[in-house]
Amino acid sequence: MTTFPLLLAVGVFTIILGTVLILLLVSKTEQLSRLQTSLREMTKSFNDLDEQAKLIVRTDLELNKAQEELDKRLNGLDALQKTSRLISTTLDEEEIFKRLDQSLIVDLGFEKNLICVYDKDQALQCRLNVGFSPEDVQFVVTSLEKERSLTQALKEGHAFTSAASSKQAKESIIRIFDVEHFVLTPILTQNNISGILFVGNRSNASAITEGDEELVSVLANQIGQALENARLFEQAYVASQVLESKVQERTKQLALALEEVKEINKMKSEFISAVSHELRTPLTSIKGYASLLITGKLGAVPETVKERLEKINAHSDNLVKMINNLLDIARIESGRVEMKMEKCDIAAIIETAHDLLTPQMREKNLQWKTDISEGIPALVLDKHQVERIFINLVGNAIKFTPENGTITVRVRHDPRAAAIEVSDTGIGVSKADLNKLFDEFYRVDNEINQSVKGTGLGLSLVKKIVDVHKGKIWVTSELTRGTTFHFTLPFDPAAPVTG
Amino acid sequence: MCQYTILCEAVNHFPKDRMKGISEVSTQIGIGFSRHLDSQQAAREAAMQAKTGLRGADAACAMLLCTGHYDPHKIVPVVNETLRDPRMVGCSTAGIILSGSIETRGVAVLAIASDEMKFGDGFVEHIDTMSPPDVGTELAKRCLNDFGAHGRQVFVFFVDSRLKNISPLLKSVQGTLGDIFPVVGAGSCNHLQDKDAFKIYRDRVLTNAVSGVIMGGHMTVGVGSRHGWRPLGKPRTITGAAGNIIGSIDGKPAYNIYEQYFEEEAAQLRGRRSGQMAILYPLGIYIEESRNYLLRNAVDIRSDGSIVCQGDIPQGTRVHLMIGNKESCKQAARGAAEEARQNLLGKDPKLIIVLESMSRLKLLGRMAFQEIVKIKEVFGSRIPVIGMYTNGEVSPMQSTERFKRPHLQNESITILAIG
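Residue numbers (the numbering used here), protein chains in the order written: chain V, 1 to 499; chain H, 1 to 419.
Quick caveat, the hints were computed from the structure, so don't treat them as lab data. Since this is a predicted model, take the numbers as computed values, not measurements. Take these hints with a grain of salt, some might be off.
Unchecked claim - With a straight-line cut-off of 20 Å between C-alpha atoms, the simulated SDA-like cross-links for lysine to any residue are:
(1) V:Lys72 - H:Pro253
(2) V:Lys54 - H:Glu264
(3) V:Lys72 - H:Arg105
(4) V:Lys65 - H:Leu37
(5) H:Lys362 - V:Asp60
(6) H:Lys234 - V:Leu356
(7) H:Lys74 - V:Gly131
(8) V:Lys369 - V:Arg388
(9) V:Lys98 - V:Phe132
(10) V:Lys82 - H:Gly216
(11) V:Lys369 - V:Val380
(12) H:Lys234 - V:Phe46
(13) H:Lys252 - V:Thr43
(14) V:Lys54 - H:Glu259
(15) H:Lys234 - V:Thr43
(16) V:Lys54 - H:Pro253
(17) H:Lys234 - V:Lys369
(18) V:Lys112 - H:Glu264
(19) H:Lys362 - V:Met42
(20) V:Lys54 - H:Leu37
(21) H:Lys326 - V:Gln67
As the list claims (entries may be wrong) - To spell it out: a stretch of chain H is covered by chain V in this simulated footprint if at least three of its residues, at any positions, have a beta carbon under 8 Å from a beta carbon of chain V; those stretches are:
(22) 77-87
(23) 225-237
(24) 254-265
(25) 277-291
C-beta atoms are modelled at their ideal positions from N, C-alpha and C, and glycine is treated no differently.
Just chain V, same shape as in the assembly (with noise of 0.2 Å):
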């Protein structure tokens, strides 16, 4: 009897395990599917995490591969300023390449550099080489001339690079430079090809760009201009050197030539100065006799025979007075001429010109005006000579200008020089003759000279008197009008000249 509670008890004890079993079990099993579901879960996380990890990887890839680019590009578009600096700033040839060689090595960055201008003969020389070994460039030249279709693409004007180019052309360029990466542009001026440049890595790791196919292309065309614009200046340079020796050397023949002109008219003064000598003595014996014979102190002499005396009288007096004018011009010149420098009143010199010349002006009825500005100091300068400038010049607008015509002294007050005009209302000068009215012996081809004797000498003893007074002198005329003589005498011809 005492078993049958103790079964009880126990069934009860096994059956409430059970359920509590039951219960744990079923409740671990909800636990387990529980986390099993958080595993999941947190797996789908982990690998959509992962998959915006591969998104955000090829998203930095891209733009790692954008900033390496742009790196690049800025890098170059910095050595490409500063290339364009240096090389701009120089018209030197050798400088281009000398600057070159810095900022393309040291800047740009590519392991290969070569540049190769094309000689008068049409021969490739090498003029800038980095990484290339004197036997590589040798090779490279070489093995250009080879490549007729290479060198003529080049001459046309076409780059080769190795992203772009033909499989003929990339094989051949990469045997030539032995690089993998390249860029070979022609160096172009304005009409034809003047080099190549070639830039190129021998690294895979370093491939050539789109950017960099571009920034050597720039470079090459600024070399180009470079080159260009220093043969020019080469040109231009050589041209004004050949020119100015031209001009040297006309000048040195000139000054030769003037020296022998100097020297021929020093002899010429010399030898008209003798000449005159000689010619005045004997002279002076014809005129003395020819006036001993018409007094008739020798004897009578018949009218028709005085009447030739008189005329061997007055060709005689015109005579000497040649010879006079040409003995002053000839001593002007030498120089043996000597001036007696003292202060005078030009109004008062001016007066005296015209009480000589009265008389002549009166035959014809001309009209005298002087027009003389006031404050015009008095002038340093040689009395006689330039009395003899007024009567010369009175007396030439006396002679050609016809009765009651009207003669006009005027003097004005310059900065430096009392400037004189001499006009006259007489038949003027031709333009042809204006130029040569100073020349020694020249006479103008008009009626009146004509039938007035003349020597020719009288202005160009004027101009000799106002040349040594450090003056200048020049004519106006309008024919039938009348004729100004225009000339300017320095307030003092020693002072020296400034400003």
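Given the structure of chain V, go ahead and fit chain H onto it with the hints provided.
For chain H alone, kept in the frame of chain V given last:
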């Protein structure tokens, strides 16, 4: 002054009680740089500037860095002669880091004259015919022999980056030199990546070699290192690895991780631009002890899909694809500088040597100098800086300990502050 020469620094560090005697040596540092096109002229200019900075004292130690544009056989004799045969190490580089600029072409010389600091240098050639541990042991022994019985502070070395697994070498170096001071190093390279890269030991130009120098005596060294890359995507597990080769990740060929992220672009890893993608998106291995990711560049993809890295890969560790950007690089530079400063233990820095991955130069491009700006924010604008862009950097990883086990790293910036 030549137009190519853009920098000359001279820093003289005299103890305050010796400031009166300018002829006393103490420690003097000269840095010279030239970008002259001619190798000999560039060497002469850089060496003369560095020598000028020493104020007549003889250089006890020199570091020569030059880009691959130059002929090292013309440079090394000139620098060696100008500085009168100092202990000299160095290598070719993809770029030179200076206080005022980043130069991708040029020759830089660091010269140190000091009666406080001690130096011992050495080299090992034909390293591809030796086991890496033997190379490390031999290098360390030679340097120790030259260094003598002074207190060691830091070991700096330059190694050929063709040595694809450097971890055993590092272990043996530490095994010989001891592990209580930092070891930093750089993989030589040039602008054409590792082609024709060379090392320098005194008056010799070496390829397939490693050269190094122990610095010690009365000096303090602070090292800081960061990379700035962040993990991206879900973690994966390296299920098969041997040495520096990752065979499988998550049971699939290792290369599959790149295919998953880059799809058809991943083919570049096998092709011409493998370097570019590998350096931008390295693999990051989580290192528990330093709570940081050790980066590994894929230097080669084998036909079976396994990835060859520059350093050891522990099997069973978590691996991520890593991503970085300019800002994270700049912050990493600042972080490395702060860590180096902290490790100087309050001493004033005399010189900063930067060993930085050339990957960062590629990533930062025109902004590369911003990293130097960040470093100068920590050390002051007048601190002399010299450094190089490397193909693999060796330095302790960031951790709470002062002295740590060196690792070969990729994409990192290592700052060595000498106080």
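Structure-based check of each hint:
1. V:Lys72 - H:Pro253: Violated - the C-alpha atoms of Pro253 of chain H and Lys72 of chain V are around 36 Å apart, more than 20 Å.
2. V:Lys54 - H:Glu264: holds, 13 Å
3. V:Lys72 - H:Arg105: OK: Lys72 of chain V and Arg105 of chain H at ~16 Å, within 20 Å.
4. V:Lys65 - H:Leu37: violated, 31 Å
5. H:Lys362 - V:Asp60: holds, 14 Å
6. H:Lys234 - V:Leu356: Not satisfied, since the Cα-Cα distance of roughly 132 Å exceeds 20 Å.
7. H:Lys74 - V:Gly131: Holds, at about 16 Å.
8. V:Lys369 - V:Arg388: With a Cα-Cα distance of about 19 Å, the restraint between Lys369 of chain V and Arg388 of chain V holds, given a limit of 20 Å.
9. V:Lys98 - V:Phe132: holds, 17 Å
10. V:Lys82 - H:Gly216: violated, 46 Å
11. V:Lys369 - V:Val380: Violated, at about 24 Å.
12. H:Lys234 - V:Phe46: holds, 6 Å
13. H:Lys252 - V:Thr43: Holds: Lys252 of chain H and Thr43 of chain V sit about 18 Å apart, inside 20 Å.
14. V:Lys54 - H:Glu259: Holds: Lys54 of chain V and Glu259 of chain H sit about 10 Å apart, inside 20 Å.
15. H:Lys234 - V:Thr43: Holds - the C-alpha atoms of Thr43 of chain V and Lys234 of chain H are around 10 Å apart, at most 20 Å.
16. V:Lys54 - H:Pro253: holds, 18 Å
17. H:Lys234 - V:Lys369: With Cα atoms ~123 Å apart, Lys234 of chain H and Lys369 of chain V exceed 20 Å; violated.
18. V:Lys112 - H:Glu264: With a Cα-Cα distance of about 32 Å, the restraint between Lys112 of chain V and Glu264 of chain H is violated, given a limit of 20 Å.
19. H:Lys362 - V:Met42: Answer violated: Lys362 of chain H to Met42 of chain V is near 37 Å, above 20 Å.
20. V:Lys54 - H:Leu37: Violated: Lys54 of chain V and Leu37 of chain H sit about 45 Å apart, past 20 Å.
21. H:Lys326 - V:Gln67: With a Cα-Cα distance of about 11 Å, the restraint between Lys326 of chain H and Gln67 of chain V holds, given a limit of 20 Å.
22. 77-87: violated (count 0)
23. 225-237: holds (count 3)
24. 254-265: Holds: 5 residues of the segment 254-265 of chain H have a Cβ under 8 Å from chain V.
25. 277-291: holds (count 3)
Consistency note: the structure conflicts with the earlier hints numbered 1, 4, 6, 10, 11, 17, 18, 19, 20 and 22.
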